[in-house]
Amino acid sequence: MKKILLYIARFMITQYFLFIAVNVYAQSAHEIIQRVDSNQEFNSQKFAMQMTIEKGSQKLVKTLAGYGKNRGEYSFMEFTNTEDRGVKYLKIKDELWIYFPDADDIMKISGHMLRQGMMGSDISYEDMMRREELDKTYEVKLTGSEKVHGVDCFVIEMNAKIKDALYARQIIYVDKNTYVPLKIEMYAKGDRMLKTMEEFNIVKSGNRYYAKKIVIKDLRKKNSSTTVEIQELQFNINVPDSVFTRRSLRK
Amino acid sequence: MFKKLYHQIFLILVTFILTIFYVEPGFAQANTEPDVEFKADPSAKKPAEVKISGLLREDAYYIRMPEPDVVSDRKDLFANVLETRLILDRSREDWSFYADGRLYLYGGETQKAYGTTRLSLMRVMMRYFSPIGDFTIGKTYVNFGNSGLFNPFEIDKKIQMTDLQYAREGLYAAEYYLPWQDLSGVKIYTGFNDAFDYNPMLGISPSYHLGKFDIGGIYNHSDIDKNITGFYFKGDAILGIQGSWGAHLNDKLKYSYSEISGGIDYSFFEGKIVTTLLFYYNENGADEYKKYKVSPDSFLLAKYYGFLSVSWLIDEFWSVQLNAFMNLIDNSAVIMPVASFIITSGLSVTLQVNMVTAKKEAEFSRDKSGDFSALMRVEGRF
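Residue numbers (this note's numbering), protein chains in the order written: chain A, 960 to 1210; chain B, 3 to 384.
Chain A on its own, in the form it takes in the complex (with noise of 0.2 Å):
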C-alpha cells in the first residue's frame, strides 16, 4: 500500500514538473514573439533605404524614403534613384495607389499584385509595407537553440493561425540579447521554402533595436539577393495624416 501511495505521490510530482516546464516553455515562446513584436511595433515611422538587387554579378540600386503609420497599415514611400525618381506609393490597408511622373497620373494597383516583388526585388510589397503582429498571426512554439552569426538564438517555429498571414510557416531565429529576428525562414502551404532573411548591424534607438542591413533571398530564383540598408530611420515621430493621402501622391 504505501508502495502504491509513493507511486501515485511520484507520479503527480513528475506531472506536476512536467506540467510547469511545458507551461514555461510555451509561454517563454510568447514572451519572446512579444518582444520581437514590441521592438517592430510603432506609432509612426520616417524612413529612408537604399536597395540593392542582385543577379549573380547583375546589380540595380534603388533609394526610397517614405513613412509608415499603425505598424505600416498606412505607407507612403517616394524613388529617389535617378530612374525611378518621382515614383510614389501609397498603401492603404491593402489598397494601392502609385503615382508616374512621366503621365502625371495616379494608379490604382490591384490587390492580387501585392504579393509580387517591389520594383522586381525579392521583397514583395506587403514584405515591405505591412508589419504582421506575430503573436496574434502565429501560433508560436519554442524548438530549441541555435547560433546565427556566431549569436546565440531562441529558435521557434510559427504556424499562421488566421487566414490572412502573409506566410503559411515561419522559423525564427531571435538573439537571445536584442530579440531581433537575425534569421527568418518562410514557407508557403506545402511547406515549401520561399524565401529566407537574415539581419546584420543590430542598433538601439530608444528602447528597441532594429537592423541596418537586412538580406532577403528568394529561393525560387537563381543567384539572387535584394539587401535593403537602413539610411535613416526614426520612430514615433509626428507625421500628419495628410501625408497618407491620394493628394500627396501629387506633391
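Because the hints were derived from the structure by calculation, they are not lab data.
Ideal Cβ positions, reconstructed from N, Cα and C, are used throughout, including at glycine.
Watch out, some of these pointers could steer you wrong.
Partial list, derived from the structure: chain B residues whose beta carbon lies under 10 Å from chain A [unchecked claim]:
1. Ser55
2. Ile89
3. Asp91
4. Phe99
5. Tyr100
6. Thr138
7. Leu185
8. Ile240
9. Leu241
10. Gly242
11. Ile243
12. Trp247
13. Leu251
14. Glu318
Starting from the known structure of chain A, arrange chain B on it as the hints suggest.
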C-alpha cells in the same frame, strides 16, 4: 515648319528662365521656425533645388511589306527615332514646377514623314498646393478616367498600336483639384489644345473611394459642341475589376453614341504572371468591315474589340509579355510579343514584334500594316 520650331524654342527658353527666376517665398521662415509636423511631411522638399534628369532612347523599326513600296520600290522598310528627353523639376512644400522637353532625330521612313528633327515641349507647368486645393497652370496632362487604351475619357487621344509607350503633348490648361476625404476629390479644368483653334475645353470630374473601389463621374466639353459624360470605376473583388461608360452628346444631341469598356486582371505565382483581359464597345463603330470609315471622333474602326495581355516577370532583369489586340467584327488581330532586359540601373533594352493575322480589308491586315514588323528600343535614364 520654321514657325512651329521657333514656337517650341521660345517655350523651352521660357521654361529655363522660369526655373532660374523662380523664387520660393517663405523658405527662410520655415528654416528659422522648425515645426515637427512640417518636417515630417514628405512634400517638404527643402531646399527647393532644380533637379535635372533625362532619357536617351533609340527606337529602330523594321517593317516587311507584302508588296514593294510605291516610292522606294522596296518591301523591307526601316525607320529610326532617337529621342533625347530633358526634365526639369523643382518643388517645395507648397509649389512644384515641372518641364519636359524632347528632341527627336529621325531616320528612314520616319524622316520622310516628320523631317530630320523635331523639338517638342511636352509639358511645362506649375502647381500650387493651397489649403483650399491644388492649382495647376501651364502645358499639362489632364487625366480623366482609367488610363489605358480603351479609356473613353482621354482628352486628345492618340494611339499607336505598335508603339510601346505612346507619348502625348499636354494641353494648355488651368486645373483645380479639391480634395475631400483622403482618397476622394473633384477635378475641374479649362484649356486649349496645341493649335488654339477650337473653343476652350472644360471638364469636371468628381471621384470617390468606396469600399475597395475608386469610382468617378466625368463631364467634358471640347470643340464647338463636343461633349462626353459618364462614369468609371476600378477596384478589387478577388480579381482586379475596371469599367467605364461614356456617352458622347454632340451637335446638340444630333450625334450621340456610347463607349463602354470593361476588364479584369489577375496574377499568379506571387505576381510573376499577370493577366489582363479588356473588352471595348463603341456604338459609333462599324458592325461589318465594309462599313469601316476613318473618323476624327474615333481612333478605332469597329464596334467591338478585345485585348489580352499576359506578362511574365522571369526575374529582376528579364520580363516577357504577350499582347493581343483583336477586332471582334472582322476577326483580325495584332499579336505583339515583347521581351525586356535591364542591362544595369537605368539602362534597358526591349524587343517587340508585331504580327497581324488577316489580309486585305480587315483592320489589322498584312496589306495595311505589313507582314511583320519589329521594334528594338534601347533606353537610358540619367
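Just to be careful: measuring from the Cβ of Leu185 of chain B to every Cβ in chain A, is the smallest value less than 10 Å? With a minimum Cβ separation of about 5 Å from chain A (threshold 10 Å), the hint on Leu185 of chain B holds.
At a threshold of 10 Å, is the proposed contact between Tyr100 of chain B and chain A supported by beta-carbon distances? 8 Å, holds
Hint check, Phe99 of chain B versus chain A [nearest Cβ-Cβ separation less than 10 Å]: For Phe99 of chain B, the interface hint is violated, since the closest Cβ of chain A sits about 13 Å away, which is over 10 Å.
Minimum Cβ distance from Glu318 of chain B to chain A below 10 Å? 4 Å, holds
Hold the hint about Thr138 of chain B up to the distance rule: shortest CB distance to chain A must be less than 10 Å. Because about 9 Å separates Thr138 of chain B from the closest Cβ in chain A, which is inside the 10 Å limit, the hint holds.
Would you check whether Leu241 of chain B satisfies its interface hint, that is, whether its CB is within less than 10 Å of any CB in chain A? 7 Å, holds
Do the numbers back the hint for Gly242 of chain B, that is, is its least Cβ distance to chain A under 10 Å? 3 Å, holds
Restraint: Ile243 of chain B near chain A, CB-CB cut 10 Å. Satisfied or not? 8 Å, holds
Is the shortest C-beta separation between Ile240 of chain B and chain A less than 10 Å? 8 Å, holds
Ile89 of chain B as an interface hint toward chain A, with CB separation required under 10 Å: 8 Å, holds
So, as I understand it, the hint says Asp91 of chain B touches chain A; can you test that by seeing if any CB pair is closer than 10 Å? Where the cut-off is 10 Å and the nearest Cβ of chain A is about 7 Å from Asp91 of chain B, the hint holds.
Proposed interface contact between Ser55 of chain B and chain A, which counts if any beta carbon pair is under 10 Å: 6 Å, holds
When the structure is compared with the earlier hints, violations turn up for hints 4, 12, 13 and for no others.
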